[in-house]
Amino acid sequence: MSEFVLQADDVAIHYGGVKAVDGVCLTLERGQIRGLIGPNGAGKSTVIDAITGRRKLTRGRVQLRGEDVTALDVVERRRRGLSRSFQRTSVFGQMPVRRQVELASHKMHVSDSAADADDVLQELGLDALGDVTAADLGYGEQRRLDLALALVGRPSVLLLDEPMAGLSVKESMDLAQHLKALASRRDVSVLLVEHDMDVVFGISDVVTVFELGRVIASGEPAAVRADARVREAYLGSAA
Amino acid sequence: MSIRRIASFTGIALAIGTTIALLNSGTVLSLLTQATIYAIFALGLGLLLRQNGMVSFGHALFFGTAGYIVGILLQLKALPAEGAIVAAVLGLTLFAFVLGLVVVRVPGIAFGMLTLAIGQMFYLTASRSRGLTGGADGMNIDWPATLFGAPTSVLLKPDSMFLLCWVALVLILAGLAFLLRGRFGSITEAVRDNEERARFIGIRTLLPRAAVFALSAAVTSVAGVLSALNTGFVSPESLHWSVSGVALMMVVVGGYRALWGPALGAGVYFLAKDILGDYASHWMAIFGIALITVIVFSPEGIAGALQRIATRRGAGAGTPCIGTAKPSALH
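If you read the protein sequences in the order shown, they are chains L and X. Heads up: the first sequence begins at 1 in the working numbering, then just goes up one per residue. Heads up: the second sequence begins at 1001 in the working numbering, then just goes up one per residue.
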C-alpha cells in the first residue's frame, strides 16, 4: 500500500472571477519526486502557495502525513515538515550563511541545530562559505542557500519552485542529479516545479501537467511525454 | 562579537569615561552629559532601524513621556523617586510593546507617519493638559534629597552626572551587544531581511518586531529619565517631532549598521553644535551640508566608513576578501 506524505484534494484558488487553480488533486508518496510542468500562468506556483499556506484556499483540503493542515498557517505547516524554496531567491541578505541556516534548523526544534546546519551546508557544497554574508554570494550559491534553508530540520515534503531558474545548463544538471540523490538520502518527497524539461523528465518519478489551473495529465514521465493533449497544450515542438 | 570582546570594550569605555570626568571642567562636562543622554536616545532609535529596518519619526514620545511620568508621579507623591523611574521605563516599554503589536505591521513610510502622528498626539496632549503637565510652560521635577541612596546634590554635580550618563550608555551598549549576538539578534535580523522567508523557516514575525520596538522605547526612555534628572525639568518641546528628527540625524550621521554608530553620531552632532555655534547662528545649515556629505559618500554613516577602513586594513594584512571563496563542487 502506498503512503501519501502529501495529499491535496480539490484545491482551488479563485481571485474574483479568475480561477488561478481550479479543483487540483495532487499526491506525493514517500520518497517520490513529482515534476509539475505547464505553460506560464498555468497555476504551478499558486499550487505551491496553496499547499504551503501562503495563499488561502477558495476550496479544497491539504493533508500532510494524514493530518489535515488546511487550517494551519505557514509556520505550523513548516514545523510539521512541509518546506519550500522560492522562484525568486529568498534568503536573508545581510546574514552570514551559517548563521541563517543554523537559525532555520533551531526554529525546527532540532536538538543539535549546529550539527544539522553543518550537515546541510556540506551536502549543498556551502560549508566553505559559512561566514560569508548571503548578499556577497554568487547567484548559484544563493540558490543553494535557499535550498539549504528549506532542507534543515529534516522536512518530509519539499516544494521546489523553479530551483534551476537562472542557472547555467551544467549547473542545472548538477543540481538536478544532486536533488535526486538528496531526496533519497534525506528521505524527503519532492514536488518540483520547473521549466527545464530535461531536468523534470530526467529526475521525476511522476509528472503532472497543468493548464489554466487544472491538471490535464499525470503519470510516469514517458506516458506524459507521449500524451497527445500534453504535446498539443504545452510541449509542442519541444516534445 | 564574543563575550570577551564585549567585556573588554565595556572596561575600556568605562575607564575612558572616568578619565574624562576627572580631567574636564564643568562646562565641558555639561555639554558631554547632554551629548551622552542624546547618544542613548539615538541608540534606541538606531536599534529600531538596525534590527527592524524601521524609521520612527516620533521617538521623542518615549524620551519626553519618561520625564513626564517621573515628574507627575513625584508631583502626586504616588511613588518614591526610584519607583517612579522604574515605573516610567517599564511602563513605556510595556506601552511600546502593545503599541508595537499594532504599528509594526504597517510597512515603510506609513510606519514613519504613524509614529509621527502618535508622537505629535502626545506633544499636543502635554501642551494642553495644563493642570497635570504645566502645559506649554512645562513642569519642574521635584527630585528628592537622595536617589538610590546617593545625595541628589552630589549626583547633579557635572562630573558625577556625566559619569552616571556615561555608565548608563556603556552598560546599555554592552547589554544590547550581548543580547543581539544571540538568538534574539538572529531572529530579528532574519525578519528584517526577509519577513516572508522568516515565516517559511518557522519564525512568527510579529512578536520579535514588537519586542524590538519595545526595547528601542526602553532605551530611549532611559535617556528621557536621565534628561529629566539632568535638567530637573520637562516640557512639551521634548516630545516634539523635531527632537525625533534631531535624533534621527544623529543615527544617519553616525550610521546604524554598527550598534555604536548612533552614539557616535550624537557625539559628532554636539561637537559640531558647539564648534560651529561659535561661528554661525545658523549652524544647522552647515551641519546640514555635513549630513548631505555623509549620506552621499558614506550612506552607512561615519561608523560604516570607519568599519570599511578597518576591514581594508584587515584585508591588507592577509584576510581573504568576502565573496571570493569558491565552493566545493556539489557532491
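No wet-lab data here; the hints were simulated from the structure. Please read all numbers here as calculations on a predicted model, not as lab measurements. Please note that the accuracy of each hint is not assured.
Said to hold, decoys possible - Among the chain L residues that face chain X by a calculated CB cut under 8 Å, a handful are:
(1) C25
(2) T27
(3) Q87
(4) R88
(5) S90
(6) G93
(7) R99
(8) K107
(9) S111
(10) L212
(11) I216
As the list claims (entries may be wrong) - Ranges of calculated distance between the beta carbons of each label pair, as one might list FRET restraints:
(12) L1090(X) to A71(L): 50 to 58 Å
(13) D112(L) to L1090(X): 35 to 43 Å
(14) H109(L) to A1145(X): 49 to 57 Å
(15) F1297(X) to R79(L): 45 to 53 Å
(16) L1094(X) to E76(L): 53 to 61 Å
(17) E76(L) to L1101(X): 16 to 24 Å
(18) P1151(X) to D112(L): 51 to 59 Å
(19) V1102(X) to S168(L): 41 to 49 Å
(20) Q177(L) to L1171(X): 49 to 57 Å
(21) S168(L) to M1113(X): 17 to 25 Å
Ideal Cβ positions, reconstructed from N, Cα and C, are used throughout, including at glycine.
Cross-check of the supplied hints:
1. C25: Because about 24 Å separates C25(L) from the closest Cβ in chain X, which is outside the 8 Å limit, the hint is violated.
2. T27: violated, 22 Å
3. Q87: Cβ of Q87(L) sits 12 Å from chain X, so the hint is violated.
4. R88: violated, 11 Å
5. S90: holds, 4 Å
6. G93: holds, 5 Å
7. R99: holds, 6 Å
8. K107: Interface hint status for K107(L): holds (4 Å vs cutoff 8 Å).
9. S111: At 15 Å from the nearest chain X Cβ, S111(L) fails the 8 Å test, so the hint is violated.
10. L212: violated, 27 Å
11. I216: violated, 29 Å
12. L1090(X) to A71(L): 50 to 58 Å: For A71(L) against L1090(X), whose Cβ atoms are near 37 Å apart, the range 50 to 58 Å is violated.
13. D112(L) to L1090(X): 35 to 43 Å: holds, 37 Å
14. H109(L) to A1145(X): 49 to 57 Å: Check passed, 54 Å falls within 49 to 57 Å.
15. F1297(X) to R79(L): 45 to 53 Å: At 46 Å between Cβs, range holds.
16. L1094(X) to E76(L): 53 to 61 Å: violated, 28 Å
17. E76(L) to L1101(X): 16 to 24 Å: holds, 20 Å
18. P1151(X) to D112(L): 51 to 59 Å: Holds: the Cβ-Cβ distance is about 54 Å, inside 51 to 59 Å.
19. V1102(X) to S168(L): 41 to 49 Å: Because 47 Å falls inside the window, the suggested range holds.
20. Q177(L) to L1171(X): 49 to 57 Å: holds, 55 Å
21. S168(L) to M1113(X): 17 to 25 Å: Check failed, 46 Å falls outside 17 to 25 Å.
The earlier numbered hints that this structure contradicts are 1, 2, 3, 4, 9, 10, 11, 12, 16 and 21.
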